[in-house]
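Student: Note that the protein sequences, when read in sequence, are chains F and C. Residue 206 in our numbering sits at position 206 of the first sequence, and the numbers go up by one each step. Residue 1316 in our numbering sits at position 316 of the second sequence, and the numbers go up by one each step.
To be clear, the hints were calculated from the coordinates, so they are not data collected in a lab. Where hints are given, some of them may not hold.
Below are the DSBU-like pairs computed for lysine-lysine, each with C-alpha atoms no more than 35 Å apart in a straight line [what the hints assert, rightly or not]:
id, chain 1, residue 1, chain 2, residue 2
1, F, 66, C, 1243
2, C, 1243, F, 191
3, F, 191, C, 1374
4, C, 1243, F, 119
5, F, 191, F, 66
6, F, 55, F, 191
7, F, 215, C, 1374
8, F, 119, F, 142
9, C, 1243, F, 127
10, F, 142, F, 55
11, C, 1243, F, 107
12, F, 66, C, 1374
13, F, 55, F, 66
14, C, 1374, F, 55
15, C, 1243, F, 89
16, F, 66, F, 142
17, F, 215, F, 53
Computed from a prediction, not measured in an experiment: that's the story for all the values here.
Residues per chain are reported as follows:
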Amino acid sequence: MSTLLEVSGVTVSFDGFRAINNLSFQIGEPELRAVIGPNGAGKTTFMDIITGKTKPDEGRVIWGEKSVSLLDMSESAIARAGVGRKFQKPTVFEDQTVRENLAMALKNPRGPFDVLWYKKTSQGAEKIEEIAEEIGLTDELKRRAGDLSHGQKQWLEIGMLLAQDPRLLLIDEPAAGMTPAEREHTTDLIKRAAETCAVVVIEHDMEFVRRLNCKVTVLHEGAVLAEGSLDHVTQNQDVIDVYLGR
Amino acid sequence: MERSFIMRNPSVLWFLLALAVFTLGVTILSEAFGIGGLSTSFIKTLGKTLCLCLIAVAMDVVWGYCGILSLGHFAFFGLGGYAIGMWLMYARTEEIVVNSLNEAAIPPTQQEIIDGIGTQIFGVVGSSEFPLIWAFSHSLGLQLLMVVLVPGLLALVFGWLAFRSRVTGVYLSILTQAMTLALALYLFQNDSGLRGNNGLSGLQNIPGLDHLGQATISMWFFWASAIALGAGYVLFAWVTSGKMGSVIRGIRDDESRVRFLGYHVESYKLFVFTLTAVVAGIAGALYYPQAGIINPAEIAPIASIYLAVWVAIGGRGRLYGAVIGAAFVSLLSSWFTGGGAPSIPLGFYTIQWTDWWLVLLGVSFVAVTLFFPKGIGGLFDYLVRKDP
C-alpha cells in the first residue's frame, strides 16, 4: 500500500473562523477510511479542499506517485486525475435516465469536441451494465433518475463515481436516510470499492462506521483529534469528551 | 452518420417535413413563382419570421438546454445584419456612383469613384471618409466571413471573461444586457463608422439583381431563410442530443456535479454561447436584407428580452417550441401593432391594440410562466407520448 494522498499542515479560515486548523491526513491505495466528528468539525470543508472547491490559506495537498499538488488544479482537472466525490444530498441528473447519468460519468475524453463527436462503444455499454449490476439498478437503466427512490439515487451517484474509474472516492454520509437493508447494500458497495481504490467515508452513524470495519479519523475543530481503529478512538478520552460524551 | 442521427430523432424529420410543406405552400402562393395571392411584403414578413425562428432556436439551446439566460443574443443578430449590410450598401452605392460618373465627359478615376461612394454613404453623418471597419466592405466573400466572425469573436471574448469568473444566473443575464446596451449606444454615435442612428438602409436592393424585381428577390431570401432554419435546426438537434446534450443539460441542472465529474464546465458554456451567437449572426444577415434597414435601435436591450419571451411562451428545452413561440408571437405582434386587430370599444374607453398589445404579451408571459412552464410546445407532450 503506497500513499495516494497526503494533506499536510492545511489551514483555512472563513471570515476569521478557522474551519480547518493545521490538518494533516494521509491515505494509501487501496484503503478504506472513515472520518467522523461533530458538526462543524470541518469534514465537508476537508472534502472541499481535496476536490479543489476551496483553496486553503496554508498547507500542501500532494497526489499520486508523481507527487503533484492538487492546489494548482481546477475542480474538473482534479476529478479527471481520479478523485470522485459524492455529495451528502444525492445529486444525480434527475431529468436524465439512469443510463445517461452513468454514460456521462464514464471515463472518456472530457473536452467539448471529444464529447460532441463521441460515439457509443460496446465497451462503454458493457461497463454501464456492469456498474448497474453492481449498484443494483440493472432494471432501472431506462428510468428517469428523478423517479428513483432516495436510496437508489444514492447508489446511482456511487455508481457514477465508480464509472469515473477513480483512485480516490470521497463519500459524504452515504447512509443518511436509508433503510437498514439499503444500508447493508451500501456498506457492501463501499467495501468492494475499497478493494481497488482509496475510499474516504464521512459518517455520523457509529453503527455504520462499525460495519465498515476500518481505520477511523476523528476530526474536531478542523484538526485530527485521534486516529486508529474504532475501538481505539472510542476509548480515547479526548474523543469521549468532545464527541461521544454528548 | 448525419443520416442515422436524423433517423434516430423523428421529431427532426417531422420538423423538416413541416418546413418543406410550408415553403412549398408559400412558393405556390407567391407572385413570382406561383399563382399569386401572397403579397411581396407578406412574403418578406414570413421570411423574416423564419430568421427569427432560427435565432429563437439558438436562444433555446443556450437558455433552455444549457441554462444560460443570455439577454444579449440580439446583439449578435444585429452584428450579422450590419456585416452583410455594409457590403449591400457599398456595392449598391458603387453601382449608382459609377453609373452617374460614367455620364461625365472624362472617365472617372478609381479615387473619384471611392470618394463618391464615401460621400453618398457617410454624407448623412457629415463625413466622406471610409472608417477602418469598412475595409472589407467591397468584398461579398469577406463580409460574409464577418457575418460569422464578428458575432463569434465577440461571444468568445465576452463568454470567456464571464464564464471564467464563474458569473452565473441573473448576474450573467444583467451582464449580457449591459453588453447589448453598450453596443447599441456605441452604434448610435455618428462617429461609430456605421452611420449612427441612421443605420444602414436600402438593404433590400441587392446589387446586380435589380432587373429581377422585389417579388423574385423576396422569394430567394425566403428560401434561403427556410434552408438556414432547417440546417440550424438539424445542427442544434444534433448538438443537444447524445452525450453532448447530456452534459449540457447536466450543466443546466447541476453545474457543480458536472464539474466534479471531470468536465470543464466553462469550456462547454463557451462552446454553446459562441456557437449560438454565430447562428444568431447568420439569422441576422438573412433578416435585414428582407427588412431593408438596420439601425442601432434593433439591438436595444428589449429585443433580446423579447427573444427570451418567445422561447418561454413556445416552450423551453425543446427546439420546436422555440420555433412555435417565435413564429406565433412575432406574427401576432405584427398583426396587433400593425392595426390588424380590431379595436374593442368599451363605451367609456376604447382598447387600441397598438397600445395594449404589450400588456397582453406581458400578461401571457406571466401566465405561461406560472401555469404552463413547458409553453405551447408542452402541448405536444400530450399528443406524442413516447415514454410514460
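Student: Indicate, hint by hint, whether the structure satisfies it.
Tutor: Okay, the hints, checked on the actual structure:
1. F:66 to C:1243: Roughly 32 Å between the alpha carbons, so the hint for residue 66 of chain F and residue 1243 of chain C holds.
2. C:1243 to F:191: holds (31 Å)
3. F:191 to C:1374: Violated, at about 44 Å.
4. C:1243 to F:119: holds (9 Å)
5. F:191 to F:66: holds (27 Å)
6. F:55 to F:191: The given pair, whose Cα atoms are some 30 Å apart, holds under the 35 Å limit.
7. F:215 to C:1374: Between residue 215 of chain F and residue 1374 of chain C the Cα gap is close to 51 Å, so the pair fails against 35 Å, i.e. violated.
8. F:119 to F:142: holds (19 Å)
9. C:1243 to F:127: holds (16 Å)
10. F:142 to F:55: violated (39 Å)
11. C:1243 to F:107: holds (13 Å)
12. F:66 to C:1374: Cα-Cα ~51 Å, so violated.
13. F:55 to F:66: holds (21 Å)
14. C:1374 to F:55: Violated: residue 1374 of chain C and residue 55 of chain F sit about 40 Å apart, past 35 Å.
15. C:1243 to F:89: Holds: residue 1243 of chain C and residue 89 of chain F sit about 25 Å apart, inside 35 Å.
16. F:66 to F:142: violated (41 Å)
17. F:215 to F:53: Roughly 26 Å between the alpha carbons, so the hint for residue 215 of chain F and residue 53 of chain F holds.
Violated hints for the displayed structure, listed by number in ascending order: 3, 7, 10, 12, 14, 16.
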